[in-house]
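> Which chain is which? The protein sequence lines are A and B, in order. Read in order, the letters of the first sequence are residues 1 to 404 in this note's numbering. Read in order, the letters of the second sequence are residues 1 to 404 in this note's numbering.
Since the hints were made in silico from the structure, they are not lab data. Yeah, the Cβ is synthetic: ideal placement off N, Cα and C, and Gly gets one too. One or more of the hints may lead you astray.
[What the hints assert, rightly or not] Sample of chain A residues facing chain B (criterion: CB under 8 Å; computed from the structure): (1) Ile18; (2) Ala53; (3) Pro60; (4) Ser61; (5) Met67; (6) Thr71; (7) Gln74; (8) Val75; (9) Ala78; (10) Ala83; (11) Val86; (12) Phe97.
[Said to hold, decoys possible] Ranges between beta-carbon positions, derived for each pair: (13) B:Lys62 with A:Gln224: 34 to 40 Å; (14) B:Glu233 with A:Lys308: 50 to 56 Å; (15) B:Lys257 with A:Asp47: 45 to 51 Å; (16) B:His284 with A:Gln125: 37 to 43 Å; (17) B:Asn232 with A:Gln125: 56 to 62 Å; (18) B:Arg111 with A:Gln224: 43 to 49 Å.
Number of protein chains: 2
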Amino acid sequence: MLIVKKFGGTSVGDKERIFNVARRIAEDYKKGHELVVVLSAMGKQTDILIQMAKDINPNPSKRELDMLLTTGEQVSVALMAMALDVLGVPAISLNAFQVAMHTTSVYGNARLKRIDTDRIRNELQNRRVVLVTGFQGVNKFEDYTTLGRGGSDTTAVALAAALHADMCEIYTDVDGVYSADPRIVKNAIKLNEITYDEMLELASLGAGVLHNRSVEMAKKYGVQLVVRSSMNENEGTIVKEAVNMEKMLVSGVAADKNAARIAVIGLEDQPGVAFKLFHHLARHNINVDIILQSIGRDGTKDISFTVKEDDLDEAVATIERHRESIKYQKLDIEKGVAKVSIVGAGMMSNAGVAAKMFEALYDVGVNIKMISTSEIRVTVLIDESQVEKAMNAVHDKFFPTQMN
Amino acid sequence: MLIVKKFGGTSVGDKERIFNVARRIAEDYKKGHELVVVLSAMGKQTDILIQMAKDINPNPSKRELDMLLTTGEQVSVALMAMALDVLGVPAISLNAFQVAMHTTSVYGNARLKRIDTDRIRNELQNRRVVLVTGFQGVNKFEDYTTLGRGGSDTTAVALAAALHADMCEIYTDVDGVYSADPRIVKNAIKLNEITYDEMLELASLGAGVLHNRSVEMAKKYGVQLVVRSSMNENEGTIVKEAVNMEKMLVSGVAADKNAARIAVIGLEDQPGVAFKLFHHLARHNINVDIILQSIGRDGTKDISFTVKEDDLDEAVATIERHRESIKYQKLDIEKGVAKVSIVGAGMMSNAGVAAKMFEALYDVGVNIKMISTSEIRVTVLIDESQVEKAMNAVHDKFFPTQMN
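Kindly generate the complete structure, drawing on both the sequences and the hints.
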């Protein structure tokens, strides 16, 4: 099998961890697999380099910052090659120039465009483990670029797609994808399988094991992803297109506490009102989430929506600045709210899933402030203080306690 | 003017020093010069990286070691670009791939073969300062290589040659090239000019401001070198082909304490004896210096020569191992000896220079053990304990105390 593996910065943070990863690679190599391994910079090295840059120049050029940061992964792959050599496994490290990983021009947040696979294929044919720097690329000016948040995951998935790999394993510090955050929901279970779409909904809801970009790319190119722990041999979670027929209705419960609600009250009941309101917010890069429109008094209407709590002040200031064009009577804001969601591909063909969630919340006395649904997701806005109670109740409803 | 400047690791060791260098570059930039600046890795970074490698693998692959080490200069050039930006000077950093600097294949000790100058010329035309990583290149496999000791000086001289630069300035922690080591000879004076050949003799004798490879390359391509301090604005020493007519006979006095003498006594007086002896030593990479052959007793002959004191044990072991083929009566070795040399292009056309040196040594009671001469150099082997006295005496003979 041709397997692409990706290890994050924590997994290669020091000598001992480097050898832990090297031993894992050596095991698979000795089974006869062809291995391409993507590594991040060691531990906090990227943060350290950013701090060095800011110390010199508080607002460093993004081009030069990428030139600086790309050294981090190069150190990781070179040291890993040396560690594999100690274990008797032939390996070769390659940076973005050597692969080459072609990206768009944007420094600091480039997109991968094309990957040359000749060099990697040659090295694999020579029975070498190929170690590739994650997070980085080269643009048309022959300059280094970086891929932004979750960049190394994206590198791994893109390599798996370009090489038509049999599998792309993403190693993290957890055993896989869980039905809910185990720190909040005591009965949370590790999922064996999940679809790309479910994973995308969960990632955007703050489950945060994989970055959306890498999941989107895996879905687009049909790359079979496996999320598993670098600390143990457990099987992890497979992320793929279709899952078993006997699949659960709901694959996960997620919460997002970074939320606030804004109600714009007493808007004129005319076409274009909603457009004006959200146009102004979009121009300030404020992402709006659940939107609810209702009839108000005296022929007016009200629009409520949620934003990230971090964006609340700017959202309010933006709306007030455009009061004359938007035309409303007053604003009502609410902090201390949170979103709780259930996600599951099974919902599409099953009525009553939302109702089952609402029932679970009613049973424990949680009041629902707003509701939003997609084909594979139901989200409710509730009081932040009730998140834990709500998540456990909803989770237990869909995942009846298993025999242990 | 198009000027190539090279700053070593100490000159960019921390934020303050980086800005010192940046201010120097900014001054020359504002005078309208075109600037290409070669930087080494910060401070002891190369040593730190080597230690990291050895900690993982006591005998790391040279290919992977180069992959690791080349990150050092990349950090330096990126940070310098950020510092210049703070000073309002547009700059761009380039690594060996981006330039590109083509070298031979040998990892750890590659030779520069060819430098592409298109990218650098384009950036200079856009009025940018071009910051280039020293010490590194790319070989035909598209792998990083490093240039070995003195590598960044070589990078600078090679760039000056390829770009037909008007000058190549090598910044160090001393004011330039001195007539003798100021720590030993109190009347040592800074030279304003020196020829390539004199510089080569001085460098090989341990004056050590510039590595021989860079001086040889400067001579070959007629690059005008300037050695000057990064700490002050003093003019430094110009290294070039011909110097002023009124030039001094002798440009410098140098000493090398890393010497030992071996006498091979009682060799057969036949052809091929010297060949056999030095052939065995050469096969063990032992460099032999002053060689003296004399008639011994009973129709035999003796050959004396000096080696580096570090190589003494291996040289003796090598000779003893081949005793049967070399055929000699006994070995006599002497440690605690040193070479003192005078160097000067003026010697060639001036008889009596060597005699003047011997006179100076006689005046202070220094016994000469061996003598070796080239067209521009006279070297004597003396007792190590007398080096200081000898150097001062010889120096004062050729550089009568100046009015201060």
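> Taking the hints in turn, state whether each one holds.
The hints, checked one at a time:
no.	hint	result
1	Ile18	7 Å, holds
2	Ala53	6 Å, holds
3	Pro60	5 Å, holds
4	Ser61	6 Å, holds
5	Met67	4 Å, holds
6	Thr71	4 Å, holds
7	Gln74	5 Å, holds
8	Val75	5 Å, holds
9	Ala78	4 Å, holds
10	Ala83	5 Å, holds
11	Val86	5 Å, holds
12	Phe97	4 Å, holds
13	B:Lys62 with A:Gln224: 34 to 40 Å	38 Å, holds
14	B:Glu233 with A:Lys308: 50 to 56 Å	55 Å, holds
15	B:Lys257 with A:Asp47: 45 to 51 Å	47 Å, holds
16	B:His284 with A:Gln125: 37 to 43 Å	39 Å, holds
17	B:Asn232 with A:Gln125: 56 to 62 Å	57 Å, holds
18	B:Arg111 with A:Gln224: 43 to 49 Å	47 Å, holds
Of the numbered hints stated above, none is contradicted by the structure.
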